[in-house]
Amino acid sequence: MKKVLQGNIALCEGAIEGGLDAYYAYPITPQNEISAYFAEVLPKINKVFLQVESEIAAINMVFGTATTGKRAMTSSSSPGISLMQETISYLCACELPCVVVNVMRGGPGLGNISGSQQDYFQSTKGGGHGDYHCIVLAPFSVEEIYHFAKESFLLAEKYRNPVLILYDGYLGQTMEVLDTQKEESKLNVKINQQVDKSWILDGAKNRPSRKIRSLLMQEGELEKHNMKLKEKYEKIKENEVRVKLYEIEDAEICLVAYGIAARAALDAVYKLRKQNIKAGLIRPQTLFPFPYKEIKEISKKVKKFLVVEMNLGQMVEDVKLAVEEKKVFFYGRPGGCLVSAKEIIENVKSIFQN
Amino acid sequence: MKKVLQGNIALCEGAIEGGLDAYYAYPITPQNEISAYFAEVLPKINKVFLQVESEIAAINMVFGTATTGKRAMTSSSSPGISLMQETISYLCACELPCVVVNVMRGGPGLGNISGSQQDYFQSTKGGGHGDYHCIVLAPFSVEEIYHFAKESFLLAEKYRNPVLILYDGYLGQTMEVLDTQKEESKLNVKINQQVDKSWILDGAKNRPSRKIRSLLMQEGELEKHNMKLKEKYEKIKENEVRVKLYEIEDAEICLVAYGIAARAALDAVYKLRKQNIKAGLIRPQTLFPFPYKEIKEISKKVKKFLVVEMNLGQMVEDVKLAVEEKKVFFYGRPGGCLVSAKEIIENVKSIFQN
Amino acid sequence: MRVLTKKFKIVIETQYCKGCQFCIETCPQGVLGLSEKINKLGYRYVEVINPQNCTGCGRCYIMCPDYLIEIFEEK
Amino acid sequence: MRVLTKKFKIVIETQYCKGCQFCIETCPQGVLGLSEKINKLGYRYVEVINPQNCTGCGRCYIMCPDYLIEIFEEK
Amino acid sequence: MQLTKFIKPKSLKKNHHNFCPGCGHGIIHRVVAEIIDELNIREKTIAVAPVGCAVFAYDYWDFDVTEAPHGRPPAVATGIKRVLPDRIVFTYQGDGDLAAIGTAEIIHAANRSENITVIFVNNTVYGMTSGQMAPTTLVGQKTLTTPYGREVFRDGYPLKVSELLAVLDGTKFIARGSVTDPKNITITKSYIKKAFINQIENKGFSFVEVLSMCPTGLHLEPLEAKNWVEKELTKFFPLGVIKDV
Amino acid sequence: MQLTKFIKPKSLKKNHHNFCPGCGHGIIHRVVAEIIDELNIREKTIAVAPVGCAVFAYDYWDFDVTEAPHGRPPAVATGIKRVLPDRIVFTYQGDGDLAAIGTAEIIHAANRSENITVIFVNNTVYGMTSGQMAPTTLVGQKTLTTPYGREVFRDGYPLKVSELLAVLDGTKFIARGSVTDPKNITITKSYIKKAFINQIENKGFSFVEVLSMCPTGLHLEPLEAKNWVEKELTKFFPLGVIKDV
Amino acid sequence: MYEEIFIAGSGGQGVLSLGKILTFSAIQENKFATYYPSYGAEIRGGTANCMVKISNNFIYSPIIENPTVAIIMNMPSYLKFVKKFIPQKFLFLNTSLIEEQEEIKKFINQYAKNLEVIKVAATEIANKIGNTLVSNIVMLGALIHRTKIIDIYIIKKVLSNMFNKKNLTLNLKALDVGYEI
Amino acid sequence: MYEEIFIAGSGGQGVLSLGKILTFSAIQENKFATYYPSYGAEIRGGTANCMVKISNNFIYSPIIENPTVAIIMNMPSYLKFVKKFIPQKFLFLNTSLIEEQEEIKKFINQYAKNLEVIKVAATEIANKIGNTLVSNIVMLGALIHRTKIIDIYIIKKVLSNMFNKKNLTLNLKALDVGYEI
Ligand SMILES: Cc1ncc(C[n+]2csc(CCOP(=O)(O)OP(=O)(O)O)c2C)c(N)n1
Ligand SMILES: Cc1ncc(C[n+]2csc(CCOP(=O)(O)OP(=O)(O)O)c2C)c(N)n1
Ligand code: SF4
Ligand code: SF4
Ligand code: SF4
Ligand code: SF4
Ligand code: SF4
Ligand code: SF4
Ligand SMILES: [Mg+2]
Ligand SMILES: [Mg+2]
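Residue numbers (this note's numbering), protein chains in the order written: chain A, 1 to 354; chain B, 1 to 354; chain C, 1 to 75; chain D, 1 to 75; chain E, 1 to 245; chain F, 1 to 245; chain G, 1 to 181; chain H, 1 to 181.
A portion of the hints provided could be inaccurate.
[To be verified] In silico DSS-like pairs for lysine-lysine, Cα to Cα no more than 30 angstroms straight-line: (1) B:K205 with E:K235; (2) F:K203 with F:K142; (3) B:K293 with B:K327; (4) B:K186 with A:K326; (5) B:K349 with A:K304; (6) A:K304 with B:K205; (7) B:K349 with A:K235; (8) A:K211 with A:K186; (9) A:K44 with A:K190; (10) B:K326 with A:K224; (11) G:K157 with A:K3; (12) A:K326 with B:K205; (13) A:K342 with G:K80; (14) C:K75 with E:K231; (15) E:K8 with B:K205; (16) G:K157 with B:K224; (17) A:K301 with B:K326.
If you are wondering where the hints come from, they were derived from the structure by calculation, not from laboratory data.
Note that this is a predicted model, so its numbers are computed, not measured.
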């Protein structure tokens, strides 16, 4: 079905379609439309909407709801997400499936309320303490926001792991058309997948009592738990990488970009081709797991890579982990500035000139 | 002068020697000795000691004190540091010099109270939002803790940037001898360096009023500020990299390790050499800035690198950014387990066997 | 009958007025009114319609959220 | 004079006793005392020294922080 | 000859602010500036601005001002006052900043009786983020996130911050004023002045809550918003001195 | 024939806890377990353990228990109760957990009148982290971080959490008990039971503060610690029902 | 086709609605369209604006780069935005509230040689129809008439999905009046 | 020289002090030494322990890997630690509080063939001297006597820096008595 929605609203509709049970949040621009929408709609369908005292409270309510096996979500923007880092580490440690949404804005500090991609490191390497990973989804259109939101709970439950949906203020505010049926926007999950719920807390009725905890003080216990988590992350890396390739076959230069920046990059690709410059685009839809293998494979043929981000250079490090450093170029704008096709084209040309 | 001190106490004595004005903190193991010591000593020398309601309050008091140009410090361990991420981003954005200490413990989540190195990413890539960097110092002995603490304020003031001192619970708890005079443990600062204090808030007497802020809403303002910060970081990268090299000249394999793990690695190096395996060690004392250049230079001669960390593999990514991937091996133990020379030796041998 | 022994000058930065009308409502003497015109901020702004009635009470000054009003006493 | 019409059995897991003496202090009948010996936790533990005096009042049960004491009524 | 009778205080910069028409922040900003002038403390005052519509205070006041992360002004002020005890330090915070995310910081600064002044602007909504429910939103009040009105059952009761803080031994002066008319502005000014004088006299934590209007967040015309504050809000949040020890 | 008179409640696991000798947590754990048994709600109870010495509660109670990040049990409990309103949800928190880092969460859960039960163990120190000052530490009391005794001027006043929460309209039952003798334990038990029954009857937020002894943190022998709580602590923190509506 | 439309005015003038109606209509016509509003604290200070892009192909960036059309509804927006978003084809001005400035006119002329300036006294017209609130729809009518960006019947269909009967009549009238100027 | 010394007992038995005294003394002798205590919640449950390493060279890890000496002051520590930290040279047991277990003895024998077990009724001896609190120093005396790890005069010097006069006398006495057993 075709719809016209704002990015932030597509998130809401996707989440509801995906079985959201409870949403907790604290206001912050540029994602206030999410709370406003849920405030109106969730009470009508008997789901929980709660505006709470802080982002820390919100993520801990998500923690609580997740312990019961119900589907909980919170959303915020960069500074608010920073405040959630301790609990996100706990959520990963306790293996609680849930969904966190970061509609990124310009940073650091209070920054501004424009869109940005300055939280890539925080999202993918773990902004909190300890070795852990959220699964990070990076939609680049309102349509992908919808589908990723819809399927994020299934993905989280498949691995008992938090899913982070990461997009920026520009995309969050943009209204465009989407197709709720579109196959290619979907993730590697099944609606009726078998999920182990033998760990949830709902009262020890006709079963032994259960506990959820991350404190592992016995010798070696915590190491073992870390190793178990590592295994899970390896499995995720193997199965859940999603990346879209555009005009790669004969590309002489390959752009790498995600989210809103990938739209500008794609624009640039087609414009460059009109000017007979064979450009292509690699667009990771998952940032963790990152498509190292896929990019490495491509790098066997492609000589140059231009990573385009709306920051000072973050994902570029991951690209360099996949590709020889000297092949990798970077163009980025921090501080909430949208990159444009024009700027990208100029950069591509100057790479070829040097 | 020689002294015998516990790591956490050396931090205190170094900080006092370095001119600490105020310390704010919330208790957490394994760094409670710091508060206990300061609680006893700071009141006697008319400096501020305050145990406060939370880590968030502590780091924000540091923020307040830093706005006045006075020397403020807080310390915590992994979960507590995660809670500080939002404000650390603000501190970097507002360019406030101050010192934050993370005595790392096992994670993720509540984890355990043992020492670990699982917060490398958080510390070096920015656990908070936005593009920013703390200068990250990684002492590997009680002596280095003392000297780094002592000189950290000067370094912070030199760049108007927070300094993060990063060590683990093992080192924090260990008591050993140190030399308060030792030259080679010192940083690139001068006691009487000229520092610009024209930005501090102390009342607008005989001067225009001042403001400190990170909200930059005018078009392009925030991007410009980010670029200014970037320039600063580049300067830091140029001038402040510190790395110790051991037995590198003829090394066939080079270990890379920092902090307590580097001690085990160094032990392994000497033991390996006794077994006629030419091992060397690269020990970064600064994690940001990271010694990419130095490692790259060494990689021209050395064929193999074994990165040793007390985590699931974090610094190894930075080493791979400096050295071709296939040369780089990793050995790590997460969850608060100390790596041992024996384990490292085994790993080195198995690398040579394969 | 009240006798005005002093004269007051009301200075208003009308180009920054946001037309909230707080000053108009609070003035007991009906000194102020709202212009039909729009200033460069896009608001209908306040104007002094009965300057002679001003008693210099300062209520308008106190109420103006944009601190646009100043009152001077003329001797 | 009080007549004991019931008999009570006091069961204490003394190997887990931490010797806090709360039970001893609270017992109005002097039923309990502290052993000279040390249990495997390393504490001098509680022992029943005057079982016949027990009135089954349960004060010791209520006070024991380690919930080691149980009282049974024998008929 | 012209005598000045009512003129803009020196502690305000010469520029003009960006608040919406009829926003109470403007009035309170001016009142604070007047007090700073009258007490002659402009040169030793350091203010801590919140995150909220008043974040731009540093652009309007002509004394030293720092930003603070959302909700943390009391902690930031503590960090300033502890190392510069002879400076005058105050925070200026909205109801989201102080009564929601910053609850722990205000309670503990109050409990420590930090010798600072706190100005708490209660406009019952999150103005800056477009009018969501605040802790002080009245029962039944419609906001962006309570489209059907605030429900006690779900959202809890409007938080009476002043009465709550008054329970703490650390609080030395607490009062609630409003800015809906010249008389109340004058009273509010006397409260805030007292809260500054307390600090000068080292009496400890002093706190003034100011009922204020956010026409934009309330979706009312300025005059309507002002009347609503005067008529409705003061019913639930009674004006006056709550504590003075 | 043997009749059981006083036996360990079913809601306690068969193992033994690791608290220090004379630690009040053990008594309170047992009392809670007895109540859960008596109300026959073991199979629908979900507890939220704090970070603090009681973090191991999940190892001792034989019903569902989750950990929560330090200070956040009220938020975690909210997240559980809102989606499972027919379960019995309670938090068990120390004075560091609840009254320091968790201040905002407890105030707002109380203000929302979350229909949960909160058991607040006030032992005046941070037991888990080796005996630092807590918000409830008495004036003059020596702890690891107040080696010269708690000073009002620097550290503020001991926080009376129960009295503070009682100001909020959202709190329905608040009482303070102690565990220094069988009589007070019995009274405390009746408070906690009431706080659970309130929840069963959907009355809203119910809160019981329990004065408890931490011999290790106080550096006293168990009996001394118990006596100190009985004699000294109750002077500042009076026992009894504080609010019951 | 490819149009970048910038629309600005005061918060109460319905500039965001105007943008949304254009967007919905374009999509009804099976075109691609994006809509990007000003939001948050930006809105304060009297002006609101939005950016609409309409194209036969997927639209990459929702942000205006080379505006083809600009609709300016009040004076502050005129002062603030016109020099920044100089349209290359059409500039619609609500002359009820805008007094053109020589300096700005000159500036525009320099960068947009073929620009056509269309002046509509939208607020006055709306007032005559019955409510100044429909000044945006009056402007929409004028826009459609002059630019033919979208079929007016589609616009009417979209409007009829948005309004109840009473308001619809008013809005359709405003559209027609605007169209017929 | 290279010694790894493990010391365990109850919190009140001064095992941490014992470790510190050894460390200070070794450093006084210009040796390298590290001291690593148990801490935090670990200490609860009746036992405290510390690890001391003494060497002529820089010590890399403060954690015991191959203990040469172990000093066990009470029964819970005996049960908890001896099998985990089997010393290769000397095992000092405070027999006042420890009853050796056959199973543990066997286990140890298997892994430390040349181990010498030295039994000291430290608590009783300390009690006789005047205070059970100095049982640790009695043990220290015995340790120094048997192992010669550190010169006893250095130990005395360190002690005299640590205690006031009254306590010093008692401690020196305990040291001597322990030394002379
Ligand atoms: C950590 C964090 N969370 C949320 C926000 C978004 N935010 C900015 S201001 C504000 C609330 C403003 O409300 P209030 O404090 O009442 O001030 P007002 O604007 O009403 O004066 C919020 C939630 C933020 N900037 N940082
Ligand atoms: C974020 C965070 N900060 C600090 C700690 C360390 N910590 C663990 S328990 C505790 C306080 C314990 O005191 P209390 O809540 O009074 O419980 P008690 O042990 O006295 O029962 C602290 C500060 C932590 N685990 N996490
Ligand atoms: S000073 Fe008083 S009388 Fe004069 S204009 Fe102002 S309010 Fe009216
Ligand atoms: S009070 Fe000020 S802003 Fe409001 S109408 Fe009067 S002059 Fe204008
Ligand atoms: S039940 Fe009563 S009388 Fe019997 S031992 Fe216990 S306290 Fe004493
Ligand atoms: S109360 Fe319990 S732990 Fe304490 S002495 Fe008695 S039996 Fe032992
Ligand atoms: S949104 Fe409300 S509080 Fe903010 S400036 Fe506008 S009226 Fe004032
Ligand atoms: S430290 Fe205190 S609170 Fe913790 S277990 Fe020991 S006595 Fe109990
Ligand atoms: Mg507000
Ligand atoms: Mg406590």
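- request: Kindly indicate which numbered hints from before are broken by the structure, ordering the numbers from low to high.
  value: Numbers 1, 2, 4, 5, 6, 8, 12, 14 and 16, in rising order.
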